[in-house]
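Here's the letter readout for the chains.
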Amino acid sequence: SQQGEEDPQALSIQEGENATMNCSYKTSINNLQWYRQNSGRGLVHLILIRSNEREKHSGRLRVTLDTSKKSSSLLITASRAADTASYFCATVRDRDDKIIFGKGTRLHILP
Amino acid sequence: NAGVTQTPKFQVLKTGQSMTLQCAQDMNHNSMYWYRQDPGMGLRLIYYSASEGTTDKGEVPNGYNVSRLNKREFSLRLESAAPSQTSVYFCASRVDRVGNQPQHFGDGTRLSIL
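Going line by line, the protein sequences match chains A and B.
Position 77 of the first sequence, counting from 1, maps to 287 under this note's numbering, and the rest follow consecutively.
Position 87 of the second sequence, counting from 1, maps to 76 under this note's numbering, and the rest follow consecutively.
Certain hints may be false.
[Unchecked claim] Computed beta-carbon distance windows for the label pairs: (1) Ser69(B) / Gly269(A): 43 to 49 Å; (2) Gly226(A) / Thr9(B): 44 to 50 Å; (3) Ala291(A) / Pro72(B): 33 to 39 Å; (4) Leu58(B) / Asp306(A): 21 to 27 Å; (5) Pro28(B) / Ser261(A): 27 to 33 Å; (6) His318(A) / Lys3(B): 35 to 41 Å; (7) Arg66(B) / Leu320(A): 39 to 45 Å; (8) Asn232(A) / Gln6(B): 39 to 45 Å; (9) Gly226(A) / Ser69(B): 48 to 54 Å; (10) Ser249(A) / Val1(B): 16 to 22 Å.
Keep in mind that the hints were calculated from the coordinates and are not lab data.
Every residue, glycine too, gets a C-beta built ideally from N, C-alpha and C.
One chain only, chain A, in its complex shape:
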């Protein structure tokens, strides 16, 4: 069963705007990870946030984690055409370290 559920399923924004994607999950986690998948390629790890962290930054990426609400968000600032991809959250379950992927958000950056 899927633990992480991304929202929205698809998102189209203008180049230069910020893109926000959300992930909700159901059980206690060890950490939460975000991945990007370009068309026809494998997933690439973007950022990992531990359960005791609330916010993390990496370049134009900002990830937040709210364990009380069992949710995370990924913010991409100043979007570029190259950011067009699918984005997945993956939760690492606390009790058994099982990694569970969500169904992804398809992001399209319009020129």
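For this one, chain A is given, so just place chain B on it according to the hints.
Leaving out everything else, chain B in the frame of chain A:
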């Protein structure tokens, strides 16, 4: 660095045929995984190997077998392919099964079963 390498990249099979998907990693990782990705379903774990010499079932293991040949290589076998196994298959590796480490993915094998 090659990272995770999957072969072949594309394959078309007839129902009932068998084949083995190959995966190799050069990062000295202990854990390796096989996923399938279907439209609207995200990634689903088929089998994983926490360390050399061990394999365990994931979420959707039926119709598949795996072999952890050595620390570098983890293969996935379809003994009698069925149209429901048409999918994109991804291999991934991780330093260890536990801990705060990401997975590293290959670029996938696109498999069609006619």
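Evaluated hints:
In this structure, Ser69(B) and Gly269(A) meet the distance hint of 43 to 49 Å, their C-beta atoms being roughly 47 Å apart. Between Gly226(A) and Thr9(B) the C-beta distance comes to about 47 Å, which sits within the given range of 44 to 50 Å. Range check, Ala291(A) to Pro72(B): Cβ separation about 37 Å, and the 33 to 39 Å hint holds. In this structure, Leu58(B) and Asp306(A) meet the distance hint of 21 to 27 Å, their C-beta atoms being roughly 26 Å apart.
Restraint check, Pro28(B) to Ser261(A): a C-beta distance of roughly 31 Å satisfies the suggested window 27 to 33 Å. A hinted range of 35 to 41 Å for the beta carbons of His318(A) and Lys3(B) is consistent with their spacing of about 36 Å. The beta-carbon spacing between Arg66(B) and Leu320(A), approximately 43 Å, falls within the hinted interval of 39 to 45 Å. Between Asn232(A) and Gln6(B), the C-beta spacing of about 42 Å keeps the proposed range 39 to 45 Å intact.
As the Cβ distance of Gly226(A) to Ser69(B) is approximately 52 Å, the hint placing it in 48 to 54 Å holds. Checked against the given bound of 16 to 22 Å, the beta carbons of Ser249(A) and Val1(B), roughly 20 Å apart, stay inside it.
Checked against the numbered hints above, the structure breaks none of them.
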